[in-house]
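Protein chains: 4
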Amino acid sequence: MRSTEVKNRTSTDGIKSLRLITAVKTPYLPDGRFDLEAYDSLINTQINGGAEGVIVGGTTGEGHLMSWDEHIMLIGHTVNCFGANIKVIGNTGSNSTREAVHATEQGFAVGMHAALHVNPYYGKTSTEGLISHFKEVLPMGPTIIYNVPSRTSQDIPPPVIEALSCYSNMAGVKECVGHERVKCYTDKGITIWSGNDDECHDSRWKYGATGVISVASNLVPGLMHSLMFEGENAALNEKLLPLMKWLFCEPNPIGLNTALAQLGVVRPVFRLPYTPLPLEKRVEFVRIVEAIGRENFVGQKEAQVLDDDDFVLISRY
Amino acid sequence: MRSTEVKNRTSTDGIKSLRLITAVKTPYLPDGRFDLEAYDSLINTQINGGAEGVIVGGTTGEGHLMSWDEHIMLIGHTVNCFGANIKVIGNTGSNSTREAVHATEQGFAVGMHAALHVNPYYGKTSTEGLISHFKEVLPMGPTIIYNVPSRTSQDIPPPVIEALSCYSNMAGVKECVGHERVKCYTDKGITIWSGNDDECHDSRWKYGATGVISVASNLVPGLMHSLMFEGENAALNEKLLPLMKWLFCEPNPIGLNTALAQLGVVRPVFRLPYTPLPLEKRVEFVRIVEAIGRENFVGQKEAQVLDDDDFVLISRY
Amino acid sequence: MRSTEVKNRTSTDGIKSLRLITAVKTPYLPDGRFDLEAYDSLINTQINGGAEGVIVGGTTGEGHLMSWDEHIMLIGHTVNCFGANIKVIGNTGSNSTREAVHATEQGFAVGMHAALHVNPYYGKTSTEGLISHFKEVLPMGPTIIYNVPSRTSQDIPPPVIEALSCYSNMAGVKECVGHERVKCYTDKGITIWSGNDDECHDSRWKYGATGVISVASNLVPGLMHSLMFEGENAALNEKLLPLMKWLFCEPNPIGLNTALAQLGVVRPVFRLPYTPLPLEKRVEFVRIVEAIGRENFVGQKEAQVLDDDDFVLISRY
Amino acid sequence: MRSTEVKNRTSTDGIKSLRLITAVKTPYLPDGRFDLEAYDSLINTQINGGAEGVIVGGTTGEGHLMSWDEHIMLIGHTVNCFGANIKVIGNTGSNSTREAVHATEQGFAVGMHAALHVNPYYGKTSTEGLISHFKEVLPMGPTIIYNVPSRTSQDIPPPVIEALSCYSNMAGVKECVGHERVKCYTDKGITIWSGNDDECHDSRWKYGATGVISVASNLVPGLMHSLMFEGENAALNEKLLPLMKWLFCEPNPIGLNTALAQLGVVRPVFRLPYTPLPLEKRVEFVRIVEAIGRENFVGQKEAQVLDDDDFVLISRY
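Protein sequences, first through last, are from chains G, X, B and D. Using my numbering, read the first sequence as starting at 80 and increasing by one per residue. Using my numbering, read the second sequence as starting at 80 and increasing by one per residue. Using my numbering, read the third sequence as starting at 80 and increasing by one per residue. Using my numbering, read the fourth sequence as starting at 80 and increasing by one per residue.
Bound conformation, chain G alone (with noise of 0.2 Å):
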């Protein structure tokens, strides 16, 4: 079903080349419905910030609570709209091969740069059904491989990765393994970006990552670019790692989606099963936005703790 349009594709090469890419919150109306508004103010703060790529409707940007026509018409609109100054990487991994290609050959369709593979988490599969669900997408366009047991409880293992890197579209992985794993793909060549914020630094500077896939550049866009561009910063390293622990203190995007709320740059929807985190720590969140400096922080208002009545949480949308 491929279209032969030349205008939106990008080689594999210049996927590969990218070094911060943030895995980009998606933002809601009180209704549950995208918030297109929000949105494209925080893609336009990561063209302005340095971004150089974004992820769209990555477990961050909750695809998974997704229907699939929401989840292509975002790749669509990101693509029309900012195609033209940043990457625009789906999401387009499944646990269901059927759904992975048909998403996938949507997604090139209406133009993303890259598609974004898991490997079959919840219902797991053989290494050979593994390698069979990812043969089936790699022929449509430049592709990153995605490595997150903690999600999948299923690590790829090399042998796989290294299975698909004959394919021209194998564009690299994002890997969430830690820094042996890293460097055991780029001895070998294979494209990394470090799938944890606060191991990027280093895999960047010490084990050959190429860069990062980010969910802490939604909130401090040019502090990451710093860390990815301009050499080792060991500072700048560890004054970020408070933000990233309590960015992490529960599974993301809980921590990402209370702390954009507080910024003021979205509404205060969440749709279930994620929850804000609760006052104690909406209250740390000020704290190291202080720490920090707000002025490294997207939007413009001042950090506000929030009340628990300020929070939408929201099930039929």
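None of these hints come from the bench; they were simulated from the model. In this text, a Cβ means the ideal position worked out from N, Cα and C, and glycines have one as well. Do not take every clue at face value.
Claimed, not checked - Covered, in the sense of this in silico footprint (three residues per stretch, anywhere, with C-beta under 8 Å from a C-beta of chain X), are these stretches of chain B: (1) 138–146; (2) 205–218; (3) 326–333.
Once you've looked at the hints, dock chains X, B and D against the given chain G.
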């Protein structure tokens, strides 16, 4: 949910000025999925032939045989690849207000320039219901209302159109009811596109219509451009009438689908309930092409008759 | 995909014998979801009133305003709760062959006793396309074909029906075209249900129709039962005509929806594009109830006029 | 939206008493659609073999590879054909609260007796989010909570279960974490089903579990029935352990799918990302069948090894 990114916005006036809009055919692969390569080629041919807009997934494009995710994907694809060169008008109408609202919201989110909205066919409704239906979608962006009682079983009467004319997004009407109705509207300054190829010359030059939303322009875009742009031309109109008559000998797009397959620009694949025209009609088409001149038709190959066995009919896709 | 479990199967002859089939209303909660408690009560009333079958999600039941998953769920629910006491006929027809095939397969899988299939409205097709469309679904189970040109814009001509009569699953036709057409079929031994309440008495007793697929029986099931079972009764027919005329003063089910709300058996909730009848018509309905006798209507409460403000109109659900 | 028709209701106590529940396999046709004839035969075999309940579309039944409409249809079909003879427990859980709410509402509407709810896998959430998620669905009907950290990457800790135990619909927990956890719950009177075939004998007879939700019972229902009903039987348990070990040598249901195809009761069709076990494992299975006795397994045909070419792998369906 509306985005404020202005990049893809077109003013309602920008829509009102279009004279030649093609209700473009959707071509299929043998398994029934979209054939995007053939589609892209059709759109490029339209742009080169002088069409200023396309209806994506109209009745001609078989929007009623698409799932909504296919439909929105095709709109997004068209905007992404061709939106700078042609106006993309998504047929996001439905006889279900819910579906029309959802699809229109998504269509504008992926960048379509205008929506085409039909009245609720089959289910039908009261005059009050008609107005309520259209009022749900008109605030979303530039809109063309489509009146085709021979499909919907219900005429949209002029008072409804007049009641909607106060909306700044109301671009005009694709009207199929005839010259008198066209004149009634154009006398009042309402923009009209003829929805009947065989009437469009007179509608344009004698009754004040702005242009046509055409099926025939899928086949002879240059001649339809002449018909709409180069002044009264009864001879050209006369020359085209046998083609137009042939095209509508069975419900559209049966004739068009058959013709484009015979011209070698789409695969001879039909989604049921459409089936190709019979052999004698296919023979007749080749003669019509000869009479009008092959060079005026899209595609480069010789027009072929095709055998019954050449056609693939699909019910599951 | 057909199951061979015979538990819920009904022979085609079992369908052919039904005289009173109600095209049952789908009631809604204030948020637009189905009101299953009210629905169950409506079905029980139909069973007690003598209806032998129900059409689930017909045009009266607003199948065209349902998502397919809602539609199949409602069929499955009806079979599960009431299938032992009333025949459940799912309106799994569509103008898209794909959708008709998918829905019919699912409907029979959840136990519906027969399918109702309309010809492709709005999109329309050729005679050959009509036959191809129906042939895709007829092998799946007992089938009633529905001919309503005032909605579909295309008559199903007798040769099509005759071509389909060889299928053992072909139960008969819900015919709306009038007495002459009815007689033409019944003379040939084809089972016919009148699709027009105001003609059903004469169709049944003078032109050989087996019975009626009725809207009015939602309101007065016992009287409609008499009309179909107890021999010619011009007086009763005459008595009911003002109600039938009122019911269809606007496209069905606008009148029915308004009436059932006035009778207190459903919430006054409308899915757009349907809106309630205006005040003067609602006053008229109360008078019609008085004339025919409240005891002949469904529900126990006094018929009320209801204010405009009592009605809830929904576009997102 | 809940129906009050009581015909298909089962009390929570009715669910709590079940000792042998089979997480039934979903068989496919060569095009990937459900093979309902084979499915019906599997269910009949379960009923005859003594299973008291089935999980429809569990992880074993590959609910994660179904569209929701397929899933609800299969629940409705099972209730309709077999609901009088076996309890039908729909796996209407999801990592998206919206999907869980929608599917559970639909599942109960088509008559399922209970819902199985997993915690949000992959996306994960906070403890507060977990509780909020389950509270959205618990009011809908009898519910079994499913804890399988090896798939979800997140343990449901006892305090969450205890917080939910106040709901009258809370039937119990399918627990995979081990004997100690099982005992912790059964000591408090919470109903537990073992989610691990190889532990279920001891869980049942030594740690107070009520029974098992079994994969192995797809193959040897009678022996699993003995294991749960006929008192401690270390010899039988020992005899079955090689089968259980074989079944889970790759992520379930890879082994089960392979085994049922080898036994000739389902077609050798796999929806990706599942692929069959390799030849040496298939040879091993035949030996295991011989050791346990062919007569104890489902089906009548001789157990076959099958060639690689016999298997059909499907990615679009």
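>> If you test the structure against every hint from before, which numbers come out violated?
In response: none
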